[in-house]
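Position 21 of the sequence shown, counting from 1, maps to 21 under the working numbering, and the rest follow consecutively.
Since the hints were made in silico from the structure, they are not lab data. Keep in mind it's a predicted model, so treat the numbers as computed, not measured. A couple of the hints might just be wrong.
[Stated by the list, open to error] Heads up, simulated BS3-like pairs for lysine-lysine below, C-alpha to C-alpha not over 25 Å straight-line:
no., residue 1, residue 2
1, Lys150, Lys162
2, Lys130, Lys145
3, Lys130, Lys150
4, Lys130, Lys142
5, Lys162, Lys130
6, Lys145, Lys162
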Amino acid sequence: MALYLALGVLCTLSSAAETSRYGELPLDQAIRIGSGREVVVEISDPDCRFSRRMVRYWDQRQDVSRFIFMVALSNHPEAAGKVRYILCARDRVAAYREVYSGGLDFGEKSSERQCDDQGLARVHREVAAKVGAVGTPTYLIKGVKVDGAKVGEIERLLGGAKIPFSAGDPDW
């Protein structure tokens, strides 16, 4: 049985147009990290510096379950190999952590290995397109799309304790 997040049911959306735009997302095809009550859908590029910095923030939040969909932006030529590496791994969470900590940045391991991701990369790209993600990171939190590593906006949506954190840009 597939696991889906029906954003129109589980989350409060700001408009009917957003409900039809997001519809159902195949969360069983995402990389899940965490087991908290708050659901965060994340679109992430493994070579995006802000996506990588946000990993430290999310690791401090015990109240979230992150469902991560991987994409490779055109301005990150090595990202597609890293996405494939993660999606083809038996333990996708461990591969995700390895890549996002820089483990494949300097050729320590081949990120260009051939594998059959069984269409998973295509599914992840389709989800990114469906939610209108044109950059990374992009988050869906309680039916609201957050473009970028905007910790203040994320914390307003999630509530709870504030976590001292900077994604590296003083405007965020």
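Evaluation of the provided hints:
1. Note on Lys150 and Lys162: the hinted pairing holds, with a Cα-Cα distance of about 13 Å set against a maximum of 25 Å.
2. Using a Cα cut-off of 25 Å, the hinted pair Lys130 and Lys145 holds, with the two alpha carbons roughly 12 Å apart.
3. For a cut-off of 25 Å, the pair hint linking Lys130 to Lys150 stands: about 21 Å separates their Cα positions.
4. Our distance criterion of 25 Å between C-alpha atoms is met by Lys130 and Lys142, whose separation comes to about 16 Å.
5. For a cut-off of 25 Å, the pair hint linking Lys162 to Lys130 is broken: about 30 Å separates their Cα positions.
6. Our distance criterion of 25 Å between C-alpha atoms is met by Lys145 and Lys162, whose separation comes to about 20 Å.
The structure does not agree with numbered hint 5 stated previously, though it agrees with all others.
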